[in-house]
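**Q** Residues 10 to 350, numbered by the numbering used here, are exactly what the sequence shown covers, in order.
No wet-lab data here; the hints were simulated from the structure. C-beta: ideal position from N, C-alpha, C; glycine also. Hints are not guaranteed to be accurate.
[Unchecked claim] Ranges of calculated distance between the beta carbons of each label pair, as one might list FRET restraints:
hint	residue 1	residue 2	range
1	P215	D156	45 to 55 Å
2	A284	I142	15 to 25 Å
3	W337	T167	25 to 35 Å
4	I330	L223	16 to 26 Å
5	I19	R338	25 to 35 Å
6	F130	P312	37 to 47 Å
7	A284	Q240	13 to 23 Å
8	F326	Y162	36 to 46 Å
9	P215	Q241	19 to 29 Å
10	V262	W337	19 to 29 Å
11	L102	I244	40 to 50 Å
[Claimed, not checked] Computed list of lysine to aspartate or glutamate pairs in EDC-like fashion (alpha-carbon distance at most 16 Å, straight line):
hint	residue 1	residue 2
12	K264	E313
13	K265	E198
14	K264	D204
15	K263	D204
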Amino acid sequence: MEASTLAITILWSLLFVYSILGSLDFGAGFWGMIYGKKEEKSAAQIANRFLSPTWEVTNVFLVIFVVSVVTFFPFATTLLGSVLLVPVALGILLLTIRTTFMVFQHHAGKYQDLLRLTSGFTGLIIPALLVSILPITLGGFVIFENDYPRLQYGELLTHPTLYMHILFGLSTELFISAMFLMDYAKEAEDWDAYDTFRKHSLWLGPISIAIAMLTIGTFPSEASWIVENIQQNWIAFGLSLLFFLIGYALLFVKKKDGHRGLARFAVIMIGLQYAVAIYAYGSAHLPYLIYPDLTIADGFTNPETFYQMLIVYAVGFGILIPAFILFWRLFLKDRRYLKQE
10 MEASTLAITI LWSLLFVYSI LGSLDFGAGF WGMIYGKKEE KSAAQIANRF
60 LSPTWEVTNV FLVIFVVSVV TFFPFATTLL GSVLLVPVAL GILLLTIRTT
110 FMVFQHHAGK YQDLLRLTSG FTGLIIPALL VSILPITLGG FVIFENDYPR
160 LQYGELLTHP TLYMHILFGL STELFISAMF LMDYAKEAED WDAYDTFRKH
210 SLWLGPISIA IAMLTIGTFP SEASWIVENI QQNWIAFGLS LLFFLIGYAL
260 LFVKKKDGHR GLARFAVIMI GLQYAVAIYA YGSAHLPYLI YPDLTIADGF
310 TNPETFYQML IVYAVGFGIL IPAFILFWRL FLKDRRYLKQ E
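Generate the whole structure from the sequences, applying the supplied hints.
**A** Right under this line is the structure:
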């Protein structure tokens with residue numbers, strides 16, 4: 010494997026991890042807002058109990074991803090920084106506001122409603138801004154004026170693919186978070202919350218798949234290259250759909266205790282679904298970072314420098330992984346925390 014291909018694979022893996030963690034983080038904030046004032050108090054409690062310790066971990070992976078882009082593809086930063094400035098800057102601004110509110114949420118009881126609304130709405134707006142980057146990379150929205158790249162906001166904002174990408178991102182976020190919170194509620198033996206999130210998983214799953222398929226149909230004409238690549242990767246996308254069908258079917262299995270759904274196995278299948286789909290899409294996107302102006306070879310750093318940085322990353326993750334395992338045991342597996350005993 011070439012060094013540039015290995016680098017983009019690592020970068021895509023970090024993007025996958027952040028997309029999953031971000032879906033859980035932002036989705037939990039949204040569900041906490043929706044049920045914070047309703048009768049399903051247990052659903053809000055489960056969402057906020059998960060959200061409380063995990064948003065810091067999500068931000069860690071965002072920082073790692075951004076640093077990786079700059080270090081692995083330094084020659085791409087000029088173009089990427091120029092055309093992605095507005096959505097990324099707005100996303101970071103909202104993320105800063107959200108993080109600030111999250112830090113003080115346990116010390117500002119007077120403003121709990123405001124904190125809940127901020128967490129919920131930013132949990133929708135931030136993913137929408139971040140996913141709006143994807144259609145920009147497909148081609149047709151970037152032009153050069155005097156050798157300076159410029160994003161055509163008029164073309165982008167009036168093209169249906171932008172809004173289909175946003176709908177896909179939001180439906181995926183809510184589906185993944187509902188699935189995981191269903192399993193989280195099972196661990197906490199909170200069956201009211203379990204039934205609530207299972208109900209949402211049942212209708213969000215088919216909607217997310219339908220929107221994903223419709224989104225491909227709204228790609229701009231300049232994106233015919235990636236449509237052809239997606240068609241060539243039909244086995245991988247078919248496997249992703251198979252994982253979804255298995256995971257979705259597991260939601261209907263009736264257990265001995267009377268509850269429906271094998272939550273843990275369903276979550277695993279849905280995780281595999283998105284893993285296969287993301288890597289298949291990433292493969293279809295090669296060799297371009299932004300079509301047709303920037304390829305991974307154009308933006309890649311010196312191979313010798315890359316392998317040196319790879320050692321640093323290995324040491325860093327060797328330190329972080331045990332910390333993540335400890336975090337998982339303390340907040341996601343410890344029944345005393347799950348049940349707030």
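**Q** Would you mind marking each hint as holding or not holding in the structure?
**A** Hints, verified against the model:
1. Taking the beta carbon of each, P215 and D156 are about 47 Å apart, inside 45 to 55 Å as hinted.
2. The supplied range of 15 to 25 Å is met by A284 and I142, whose beta-carbon atoms lie about 20 Å from each other.
3. Between W337 and T167, the C-beta spacing of about 44 Å breaks the proposed range 25 to 35 Å.
4. Judged by the Cβ atoms, the range 16 to 26 Å given for I330 and L223 is violated: they are separated by roughly 38 Å.
5. Judged by the Cβ atoms, the range 25 to 35 Å given for I19 and R338 holds: they are separated by roughly 26 Å.
6. The hint said 37 to 47 Å for the Cβ distance between F130 and P312, and at roughly 44 Å that hint holds.
7. A284 and Q240 have their C-beta atoms about 21 Å apart, which keeps the hinted 13 to 23 Å range intact.
8. Hint check: F326 to Y162, Cβ distance near 38 Å, so the stated range 36 to 46 Å holds.
9. The hinted window of 19 to 29 Å between P215 and Q241 holds, with their beta carbons roughly 26 Å apart.
10. The hinted window of 19 to 29 Å between V262 and W337 holds, with their beta carbons roughly 26 Å apart.
11. Checked against the hint of 40 to 50 Å, the C-beta distance between L102 and I244 comes to roughly 41 Å, which is consistent with it.
12. A hinted pair counts as satisfied when its Cα atoms are at most 16 Å apart, and K264 with E313 does not qualify at roughly 55 Å.
13. Proposed proximity of K265 and E198 is supported: the alpha carbons are some 15 Å apart, at most 16 Å.
14. Between K264 and D204 the CA atoms are separated by roughly 14 Å; this keeps the pair inside 16 Å, and the hint holds.
15. A hinted pair counts as satisfied when its Cα atoms are at most 16 Å apart, and K263 with D204 qualifies at roughly 13 Å.
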